[in-house]
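Please construct the entire structure, taking both the sequences and the accompanying hints into account.
The listed protein sequences correspond, in order, to chains A and B.
Residue numbers for the first sequence follow the numbering used here, beginning at 1 and rising by one.
Residue numbers for the second sequence follow the numbering used here, beginning at 437 and rising by one.
Mixed in with the good hints, there may be bad ones.
Per the computed footprint, the stretches of chain B lying under chain A, defined by three or more beta-carbons under 8 Å from a beta-carbon of chain A, are [as the list claims (entries may be wrong)]:
id : region
1  : 493-501
2  : 511-522
3  : 582-588
4  : 680-693
5  : 702-713
Simulated from the structure, these hints should not be mistaken for lab results.
Ideal Cβ positions, reconstructed from N, Cα and C, are used throughout, including at glycine.
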Amino acid sequence: MKTRKTLRFAAVFLALALVAAACGGDDEGSDTTVDGGTDTTVDGGTMMDSVEVFSWWTGGGEAAGLDEMIKIFASTDPDIEFVNSAVAGGAGTNARAVLASRLQANDPPDSWQGHAGQELIGTYVAADQIEPLNFLYDQEGWLDVMPDTLIPLISNDGNIYSVPVNIHRANVVWANPTVLSDAGISMPTSLADFFTALDTLQAGGMDAPLAMGEQWTSMHLFETIMLASMGPDDWNGLWDGSVGWDSAAVTQGIEDYAKALTYTNSDASALSWQDAGQLVLDGTSAFNIMGDWQEGFFRELGSVPQTDYVWAAVPGTEGNFQFLSDSFVLAKNAPHRDSAIAWLTVAGSNQGQDAFNPVKGSIPARNDADRSLYGEYLLSAMDDWASNTVVGSLTHGVVANDSWKSEIDTALGLFLVNGDVEALQTAFVAAQAASG
Amino acid sequence: MAVATADIERPKAKHKLLKMESWWGVLWIMPSLIAVMVFVYGFIGWTARVSVSAWKGLLADYTFVGDDNFAALASDPRFDIDIQNTIIFTIVFVLGCLFIGLGLAILLDKGIRGEGFYRSLFLFPMAISFIVTGVVWRWLMNPAQGDRLSGLNLLFDKMGLDFLINSWHGTPTWGIAAVALPAVWQMSGYTMALYLAGLRAVPDSLREAARVDGASEFQVYRKVVMPLIRPVTLSALIILGHISLKVFDLIIAMAGKQVALDVPAIYMWTTTFDGFFFGRGAAIGMVLLFSVAILVIPYLWYTLRQERDL
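Encoded structure:
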């Protein structure tokens, strides 16, 4: 009988463990709710206002930049407690899965981070989860300090839905100056020059003059080559429906992209974007097309601009600034609406953006920043931001909603496998139909 | 605790005790029963419902669309790659584990000195999660060529085995087989343990008898031992098979998200949470469930019947 008792205990223990495990697993997804949803009581027993801000900024320059901005918020709005609900992992994939389940459960954070443009609009405006912010733009005079071409890209039906805190540029080519001068090449300015330069380097014995990384970086290469091939008007037209995906311009763009791929490294799928940048620094490759966060990585390694690396707009895209931006939104039915607006005011302010961006390694969306805070590359990006035509990035959520982008991602992934231009174009047409 | 005692005691007190006991039993398993009903079967039902809905985007949309999602998968070129990759992965992984596991078990069964040490040694990889295995083997199987050789390729180069240098998971079509190798490394020790237990259960007298009858050592295994441990092979096949159908973490850790090395579980995750195609994601989930069920249900039925016969 003794054994039976032991067994019974074991059974109870197991059952409890199972229940605990079930709860534990559940908690993982929603622990931000626990500390985020409730107002905290301060010493005197009075209720203190709070604002819950959700993001995937948990490390590196992003988290440090957010901390700087939170400091500014603490000085401008000392009565509001800032609740930082950041979810780590998967470049935001995990965070967005958590956010999706919270929104489905009607438990929104007050404000959350998202890439400005269709990634936010196509998902959260379509689901009626965020509020237009035109009143805030009018009140704070943001329309006067942000580029005119930016506003339509972050709006839907005339409503502006987010406050961009930083701007990154996608269409930048990074190059190794020593490799270029040894081969007698100057920085190419057109797609044709670019291919000639790549041919020269390949003829000179360089296997892969254009460094590329894992699958998503191929989408990044694709969007910059498409912009170079089509020009900004056709590129914008692809997303508002005025240019068809079955048009000849798209075929030409795909062929240019396919040609660019022939200069890339065979082990691309095993490399991160940092690894690809490293190939340029090492002189194994001459060029890498990547957003300007690559500069942050180069600086981290102690590389010196102009000596170890040079940059230009992707050949054929000069005068265009293909941008992406992290921005914050205002949740519909935000539990602390006023606090959330106070946070967004700081996020869009000169002070807030100058606190965030030098640390993150990006430029402010406003064109009245304190230039003494930024390095050589960022200053050149600021000048371009103020003067160039602004167009949106696909890879980073500006021009297409998540569904559309993920279908394009699949099509481009298949293209890496089979290299079938016609099938790729057909898949693009289908992607637009399925989700455009 | 002798089995015999229990057998003698039981019939006497049968009626009163059994009633009490069974009530207690039901009570004690209630928490886990409820948890399983809700979190396993409840969600299977819900996923089945979503898989025949038009749900796309953040908001639930339960519009019934019949088998549209499944039909779309059938003509989806990415899902073709998923199926192909799953088949290659399963064949390499399951056969690799069975052969290496059986080989190791037979060697250990021969009465090697320090058997306990080797047994633990081979079993240890199983204690590691697939993520860790993936990160380590990602480095070992670095496909870089030329001056940037590293990992196993560098080893081959230094040993003069240049013909073995390859691009591992970067190989077109067969890249997924390279991803299966770390999985074999990880799970063959476990398969060995299964086989070793099976071998130990084969009475020595049977082998002796075969040897006396003039069977060679190979014949002893081929004709006597193997047929007796067939149930072990079946169990191993089921366990390994369902692991390979569900593989996700190993591939993500080794190769990230790329269509060339895509499997249904990864497609399900990305299309659901990156693309918000909930209906399609649920449909892939159901396909996975059915394919695992095809493996597991006959096995459960078989073992239940065997237990009843005993």
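Consistency of the hints with the structure:
no.: 1; hint: 493-501; in the structure: holds (count 4)
no.: 2; hint: 511-522; in the structure: holds (count 3)
no.: 3; hint: 582-588; in the structure: holds (count 3)
no.: 4; hint: 680-693; in the structure: holds (count 3)
no.: 5; hint: 702-713; in the structure: holds (count 7)
Every hint from the earlier list agrees with this structure, and none is contradicted.
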